[in-house]
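Colleague: As a plain string of letters, each chain reads:
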Amino acid sequence: MSFFARFAQNRGALIGLIILLTIIAMAILAPLLFPESPWRMVQRPFLPPMEVDGFPLGTDTMGRNVAAGLMHGAWVSLLIGLVSTTVALAIGVPLGAIAGYYGGLIDDALMRFTEFFQTIPNFALAIVLVAIMQPSITSIVLAIAIVSWPPVARLVRAEFLSLRNREYVEAARLVGQSNTTIILRQILPNTLSPIIVLASLMVATAILLESALSFLGLGDPNVMSWGYMIGAARTVIRQAWWLSFFPGVAILLTVLALNLVGEGLDDALNPKLARERS
Amino acid sequence: MTDSQATPLLSLRHVSIALPKGADRALAVEDVSYDVFRGEILCVVGESGSGKSMAANAVMGLLPKGVYTSGGEAIFDGQDLLQLSEKQHRTLRGLRIGMIFQEPMTALNPLMRVGAQISEVFEAHGQFNTRERQQRALALLTEVGIPDPDKAIRAYPFQLSGGQRQRVMIAMALALEPELLIADEPTTALDVTTQAQILELIRDLQQRRGMAVMFITHDFGVVAEIANRVCVMRYGQIVELGEAEAVLKHPSHDYTRALIEAIPSDVIPEARGAETDTPLLEVVGLNKVFRSRGGLFKPAREVHALQDVSFSLVKGETIGIVGESGSGKSTLGRCVVRLERPDSGTLSLSGTDFMHLQGEALRRERHRVQMIFQDPYASLNPRHRVGYSIAQGPIANGTSKGQAMAKAKELLALVGLEGTDDRYPHEFSGGQRQRIGIARALAMQPELIVADEAVSALDVSIQAQILELLEELKQKLSLSLLFITHDLRVAAQICDHIVVMQHGRIVEQGPAREVFLAPREAYTRELLDAIPGREQALADA
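So the sequence lines, in the order shown, correspond to chains W and R.
Going by the working numbering, the first sequence opens with residue 1, and the numbers climb by one from there.
Going by the working numbering, the second sequence opens with residue 1, and the numbers climb by one from there.
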């Protein structure tokens, strides 16, 4: 059975994938459907949804098209979520793996280094980093990655600690496999499940973190994002519910879709579950 | 002995227990009927998955979720236990039916003193006041033969040994003087000598109190020691039921016969000669101390796992390292394969100093000594196909992938698992996985194989097959084996030489036959006497 067929057997995962593809399609189609900048004021402010043709989701406090903002924002939010998570994994997984596998002094040193980051509140550190580097997509992605890798390192280390003394790892050591091979081929595949679950949550957190930064005015001033939209609409939530509702639903759906896809991936990658279902 | 006219204390009539959908069979127990009489010990014997524990669980009202009785009745003193509500069951448990479990560590609350746990039994049934409960607890601990009961009553479970914890469990089960005691593999997790003591205790208590005991075990040796009557089960059905002597001496069913034959019963090994005299493995004065890393406020702890251990193994020979848990036998094995590094001494493999190798040099020499691990479930990477699991050793040592995979296929055929190289480990049974483990060790063409409790996690009949396979491979490939085991019966079957260890030291070593027939040391004699069913086997021989 092919990998995709195994993946598709989990119905939730399939739904998640469809949602995710829709959001990606939104991001790609945005410049075609709404060629104008989402920042342009195009109608009178506070237009409720479905009242005027061409403004299915209404307009915001400044008269900008909410539908256009939502579609253009999809690109930024997804980009920030995925790239910052990838960067965080790229830092956290190797550090955790090395710390957990070698133990001893290496472990001590790496974990103290990790704790150094963990002791500073996430959000405060992110603000400081973005403020120093000037708000831009790159700086936001970097800041989010830097504050979110320590939990990855901790998780991977804990997994490695429990797996490194398994008999199959010892057997691999006995046949003369190198440490690199053992880490990459024996232990890492068995830590995939928790890493995938954590990563799908991290994408969600990253999207939310970006919203919070945008809300504080530390977003990239040139790009529309869901977080910025919610942040800007917060003060008028009682007069214009739709301003925060639609981007909120978009974030919720994205996070849900990512979790579902993560779970499906985990199932499909696990040989035991895959065979039992077939 | 049983008076067959008497009414049975517990009587199972056509009991069937259904498993949830998707299990490997529909009924865990199918139409099972047996009686337990007052003052007798009934052994229910079977291999794993035979349903031997299920019937007992149903009697206690402790069936796991999704499993339910689908028919029959269990009459205990006029009541059908299978119809009782949870509440009625609870009053019966402990009060009239006591139970002991396999794992004495997990069955006791680690954070409660032993005395309090026994008192709790009285408390649960609302008997006596606090002082009396304490006194009773003390009396019980004395009765089950715990050394220094005054101290033990204030001890926490982790301060007691495995055997002592099992005694505490027995004390708890006996607290309310039940008429029926159900013992579910109570000695399986224990060392042989401790097992012998616990069996003795159970038999003794049973006679003193005139209880009925339903003893569930997989070990025919234990049956020979303790049973009045035997009930042999397979696939949820009763295969044979009868007086212990009759069943053991003249089993009427093929399966029973196979089971009895599968026990490594020839406790007197044959004399075997070694092929050559050049030592392959030489161990001289090996020492290993484990130090736990001390913290700021706690001092480092030291455990002397190996002290001055010396022996040598000739090519083509099998040496059995025998000892109880904590004797250092596994540490010795791990030192020989260099998963641990000995502190001092000499360890040489056909002349090469194997002890001081490190890093890259060690990695290159590793293929010369391989290991077969104890736990067939943990020793194969669940994410790798078994063919690859076997081939990865040769690949790591420079064989091309195609060649290594072809060789893996051959090896799988050699261990009797032809054409299974593209399956995952979870698709195999325990015995089959152990075969794969053997194939993996053979793939490296090692000079020496260390088997660390390689068969102790397996059922007897599977155990016999694996031992047979090892024996066969030994002949075919002239392997040298270091066979580590706690089970003297297994050692007797396969080993040429025996090394007996205790507390990290070698107590006695010599040719297997000599050690078994004329043990020189008291400890060896003690170990041998503790083998369940030994007298039987000696009498038969």
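Derived from the structure by calculation, the hints contain no laboratory data.
Treat the hints loosely; a few may be bogus.
Cβ-to-Cβ under 10 Å is the rule here; a few derived chain W residues that face chain R [said to hold, decoys possible]:
1) N122
2) A171
3) P194
4) L269
The structure displayed is predicted, hence computed values, not measured ones.
Every residue, glycine too, gets a C-beta built ideally from N, C-alpha and C.
Colleague: Compare the structure with each hint and give your call.
Modeller: Structure-based check of each hint:
Interface hint at W:N122: violated, since its Cβ lies 30 Å from the closest Cβ of chain R, which is beyond the 10 Å cut-off. For W:A171, the shortest C-beta to C-beta distance to chain R is roughly 6 Å, which falls under 10 Å, so the interface hint holds. This hint is violated: W:P194 has a C-beta 14 Å from the nearest C-beta of chain R, more than the 10 Å allowed. Interface hint status for W:L269: upheld, as the beta-carbon distance to the closest one in chain R is roughly 8 Å, under 10 Å.
Hint violations for this structure: numbers 1 and 3, all remaining hints satisfied.
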